Amino acid sequence: MKKRILVIGGGIGGTMTANHLVSKLYPEISRNKVEVSLLSNSPWHYYKPAFMYVAFNKFFKDELRRPQQSLLRPEINFIVDEVESFEFNANRVRCSSGKFYDYDYLVISTGCLPAPERIEGLKEAGDHFYQYAPAKALAEKLTTIKKGRIFVTVNFPQTPNVPHQCGIAPIETTLMLDDLLRKRGVRDKVEIVYTYPTVSQLLRNCLFMQKDTCEVLPTIFEQRDIKYQHGFSLSHVDPDKKIAYSHEGKEENFDILMATPPIRAVDAVINSGVSQAQNNEGWLPTDHETMEVYGLNNVFVLGDTVDLPVSKAGGSCHSQSPVIVNNIASHIRLGRLCDQYDGRVVAIAQMGLEDGMPLWYDYSSDVQPTPPNKLGGLMRKSFNRGVYWSVARGLV
Amino acid sequence: MNTQNENIEDITNTNNLLTNPDAQEGLVELIQKLEPLLAGRRLNRIVDLMSVTADVVDMTDDYMIEKLCKSYEEVIGGAWTAGNIVRMAGNEVRQMEEPPTLWSLLKTAKDPEVRRGLAFMLMMARGIGKQMNQPLPEYD
Ligand SMILES: Cc1cc2nc3c(=O)[nH]c(=O)nc-3n(C[C@H](O)[C@H](O)[C@H](O)COP(=O)(O)OP(=O)(O)OC[C@H]3O[C@@H](n4cnc5c(N)ncnc54)[C@H](O)[C@@H]3O)c2cc1C
Chain A
1 MKKRILVIGG
11 GIGGTMTANH
21 LVSKLYPEIS
31 RNKVEVSLLS
41 NSPWHYYKPA
51 FMYVAFNKFF
61 KDELRRPQQS
71 LLRPEINFIV
81 DEVESFEFNA
91 NRVRCSSGKF
101 YDYDYLVIST
111 GCLPAPERIE
121 GLKEAGDHFY
131 QYAPAKALAE
141 KLTTIKKGRI
151 FVTVNFPQTP
161 NVPHQCGIAP
171 IETTLMLDDL
181 LRKRGVRDKV
191 EIVYTYPTVS
201 QLLRNCLFMQ
211 KDTCEVLPTI
221 FEQRDIKYQH
231 GFSLSHVDPD
241 KKIAYSHEGK
251 EENFDILMAT
261 PPIRAVDAVI
271 NSGVSQAQNN
281 EGWLPTDHET
291 MEVYGLNNVF
301 VLGDTVDLPV
311 SKAGGSCHSQ
321 SPVIVNNIAS
331 HIRLGRLCDQ
341 YDGRVVAIAQ
351 MGLEDGMPLW
361 YDYSSDVQPT
371 PPNKLGGLMR
381 KSFNRGVYWS
391 VARGLV
Chain B
1 MNTQNENIED
11 ITNTNNLLTN
21 PDAQEGLVEL
31 IQKLEPLLAG
41 RRLNRIVDLM
51 SVTADVVDMT
61 DDYMIEKLCK
71 SYEEVIGGAW
81 TAGNIVRMAG
91 NEVRQMEEPP
101 TLWSLLKTAK
111 DPEVRRGLAF
121 MLMMARGIGK
131 QMNQPLPEYD
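Protein chains in written order, with our numbering: chain A, 1 to 396; chain B, 1 to 140.
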């Protein structure tokens, strides 16, 4: 009997996994014993980290997306449709077109969504760069502001020990902001204030979610005259008065509120009823080694939808995806799972508009920050413009 | 720190490296070369290069090696197969005294291997077609 592998989500996790599955299982696929399908609700694949650059006028829309089909091996059956509900008991998904798709193995990589509406006033008064349209709107403001106060806040999910999307992004964008305003010659008239909430995963009262990086941040910020505060957990915003209030009782005025908003899983995942996450955030309970969804058979999850303590980043998908591919391949071939995820995340942080800092960490070791430099910046730029598409195709 | 200094002294004493006039001259030359690089902060780039190389080494894992090797094998394998075919076909064609007539060209299709090759071409066309079976998404 032919085994049907169904991958949901044409983002980075789903795309690299579908491509890698074909190359790993080619002997079975060529004999028609395995079939790989990828189902996504968009015919486009977006390089999401580039939304951050859109806010700084560094990327146009058509440079950060490709037709999904052009990134897939021809053996993959690509379907554009939206999953409305997961019917795990019947091993199938129901889509908005009314069609059902059956599977023997399911891989969920539907990512997460920014949810600024979950904090009163934030949607109306705040800005963010986690999607294209809001990033473009923010770019308008950053290109025209002449004086005032830009206030940066970071919001964590309420599920304990789950990070916000792309851990380093708030620092990256704060440094890029400083560079942009200097370039525009208005930096001396615009105050930048970076803040971090009291609770950030396992740390308390820090400036970042990992201790070693926390320790180097004050120096980096002071060199650039960026103000910083810890212990600011956004509670609500007054859009008329332009004041951000914190749970700790502080009030801060702003001209631009650049916020990392709350996030949640997509509706179909939240409504699947499998999540045990708090605040209806929808993260799937994930076996931190095998990447299976707890309590389900032959269902795997990766990327932003997991409830693991690792960064919700493409650099995590890159290490989680081969584990899932190996586990599905060994389950088909040997009847058991054979690989374990060690929590590894790799990335090149964009530290200001020009410099980059390669970094990596896993379940047992934190990031060891090194001095950002121009070569790291060139590496990041080449990743943004080219290498990423090879990663999505499962070649790197 | 002290131990390190002593070690360096030990080494220089035993080898007489820095007391040798030729070595000293070489060192002076080297320092002269380095001076403008240091002044222009260009030597920093070499240190950055070493740091980035070290990062790449540490960031590389077994999965990445596996994928890169697979890509390498596919590219090299594909190029090798294509190269062999071009060489063989070229050799055959070069040995023809006269270019084949249209009729004799058609007759070559009697050869099952030629037919298989033609089928391969058609299957390639099918693959290309499949790759393009989704209309280009609309630009908004
Ligand atoms: C501004 C920004 C900067 C970032 N910077 C970095 C960085 O520097 N480094 C890094 O490693 N990561 C970074 N990230 C994070 C990275 O982009 C994500 O972690 C990554 O995209 C997650 O991959 P995923 O496959 O889980 O989800 P996604 O890439 O979000 O893909 C989800 C896919 O699922 C589809 N989908 C959703 N719902 C359904 C449904 N119901 N039915 C069918 N399909 C559906 C979507 O259309 C999409 O194609 C950044 C993200 C942002 C937004």
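There may be inaccurate statements among the hints.
What the hints assert, rightly or not - Taking CB as the label site, the calculated pair distances span:
| hint | chain 1 | residue 1 | chain 2 | residue 2 | range |
| --- | --- | --- | --- | --- | --- |
| 1 | B | Val75 | A | Asn32 | 24 to 30 angstroms |
| 2 | A | Leu334 | B | Glu97 | 48 to 54 angstroms |
| 3 | B | Tyr72 | A | Asn57 | 33 to 39 angstroms |
| 4 | B | Val75 | A | Ser97 | 25 to 31 angstroms |
| 5 | A | Lys141 | B | Gly26 | 57 to 63 angstroms |
| 6 | B | Val75 | A | Lys61 | 49 to 55 angstroms |
| 7 | B | Leu18 | A | His288 | 51 to 57 angstroms |
As the list claims (entries may be wrong) - Distance condition first, Cα-Cα at most 30 angstroms in a straight line; then the derived BS3-like pairs of lysine-lysine:
| hint | chain 1 | residue 1 | chain 2 | residue 2 |
| --- | --- | --- | --- | --- |
| 8 | A | Lys99 | A | Lys183 |
| 9 | A | Lys250 | A | Lys123 |
| 10 | A | Lys374 | B | Lys130 |
| 11 | A | Lys250 | A | Lys211 |
| 12 | A | Lys99 | B | Lys130 |
| 13 | B | Lys70 | A | Lys2 |
| 14 | A | Lys33 | B | Lys130 |
| 15 | A | Lys123 | A | Lys99 |
| 16 | A | Lys48 | B | Lys130 |
| 17 | A | Lys374 | A | Lys48 |
| 18 | B | Lys33 | A | Lys3 |
| 19 | B | Lys33 | A | Lys33 |
| 20 | A | Lys381 | B | Lys70 |
| 21 | B | Lys33 | A | Lys2 |
| 22 | A | Lys48 | B | Lys70 |
To be verified - If you only want the chain B side, here are some residues facing chain A, beta carbon under 8 angstroms, derived:
| hint | residue |
| --- | --- |
| 23 | Asn20 |
| 24 | Asp48 |
| 25 | Leu49 |
| 26 | Val52 |
| 27 | Met124 |
| 28 | Ala125 |
| 29 | Gln131 |
By construction, these hints were calculated from the structure, which means they are not laboratory data.
Since we're looking at a predicted model, the values are computed, not measured.
Every residue, glycine too, gets a C-beta built ideally from N, C-alpha and C.
Evaluation of the provided hints:
{"no.": "1", "hint": "B:Val75 - A:Asn32: 24 to 30 angstroms", "in the structure": "holds, 26 angstroms"}
{"no.": "2", "hint": "A:Leu334 - B:Glu97: 48 to 54 angstroms", "in the structure": "violated, 59 angstroms"}
{"no.": "3", "hint": "B:Tyr72 - A:Asn57: 33 to 39 angstroms", "in the structure": "holds, 38 angstroms"}
{"no.": "4", "hint": "B:Val75 - A:Ser97: 25 to 31 angstroms", "in the structure": "violated, 38 angstroms"}
{"no.": "5", "hint": "A:Lys141 - B:Gly26: 57 to 63 angstroms", "in the structure": "holds, 59 angstroms"}
{"no.": "6", "hint": "B:Val75 - A:Lys61: 49 to 55 angstroms", "in the structure": "violated, 31 angstroms"}
{"no.": "7", "hint": "B:Leu18 - A:His288: 51 to 57 angstroms", "in the structure": "holds, 56 angstroms"}
{"no.": "8", "hint": "A:Lys99 - A:Lys183", "in the structure": "violated, 53 angstroms"}
{"no.": "9", "hint": "A:Lys250 - A:Lys123", "in the structure": "holds, 20 angstroms"}
{"no.": "10", "hint": "A:Lys374 - B:Lys130", "in the structure": "violated, 42 angstroms"}
{"no.": "11", "hint": "A:Lys250 - A:Lys211", "in the structure": "holds, 24 angstroms"}
{"no.": "12", "hint": "A:Lys99 - B:Lys130", "in the structure": "holds, 22 angstroms"}
{"no.": "13", "hint": "B:Lys70 - A:Lys2", "in the structure": "holds, 25 angstroms"}
{"no.": "14", "hint": "A:Lys33 - B:Lys130", "in the structure": "holds, 20 angstroms"}
{"no.": "15", "hint": "A:Lys123 - A:Lys99", "in the structure": "violated, 35 angstroms"}
{"no.": "16", "hint": "A:Lys48 - B:Lys130", "in the structure": "holds, 27 angstroms"}
{"no.": "17", "hint": "A:Lys374 - A:Lys48", "in the structure": "holds, 23 angstroms"}
{"no.": "18", "hint": "B:Lys33 - A:Lys3", "in the structure": "violated, 65 angstroms"}
{"no.": "19", "hint": "B:Lys33 - A:Lys33", "in the structure": "violated, 65 angstroms"}
{"no.": "20", "hint": "A:Lys381 - B:Lys70", "in the structure": "holds, 25 angstroms"}
{"no.": "21", "hint": "B:Lys33 - A:Lys2", "in the structure": "violated, 68 angstroms"}
{"no.": "22", "hint": "A:Lys48 - B:Lys70", "in the structure": "holds, 27 angstroms"}
{"no.": "23", "hint": "Asn20", "in the structure": "violated, 36 angstroms"}
{"no.": "24", "hint": "Asp48", "in the structure": "holds, 4 angstroms"}
{"no.": "25", "hint": "Leu49", "in the structure": "holds, 6 angstroms"}
{"no.": "26", "hint": "Val52", "in the structure": "holds, 5 angstroms"}
{"no.": "27", "hint": "Met124", "in the structure": "violated, 10 angstroms"}
{"no.": "28", "hint": "Ala125", "in the structure": "violated, 12 angstroms"}
{"no.": "29", "hint": "Gln131", "in the structure": "holds, 5 angstroms"}
The structure fails hints 2, 4, 6, 8, 10, 15, 18, 19, 21, 23, 27, 28 (numbered hints given earlier, in ascending order).
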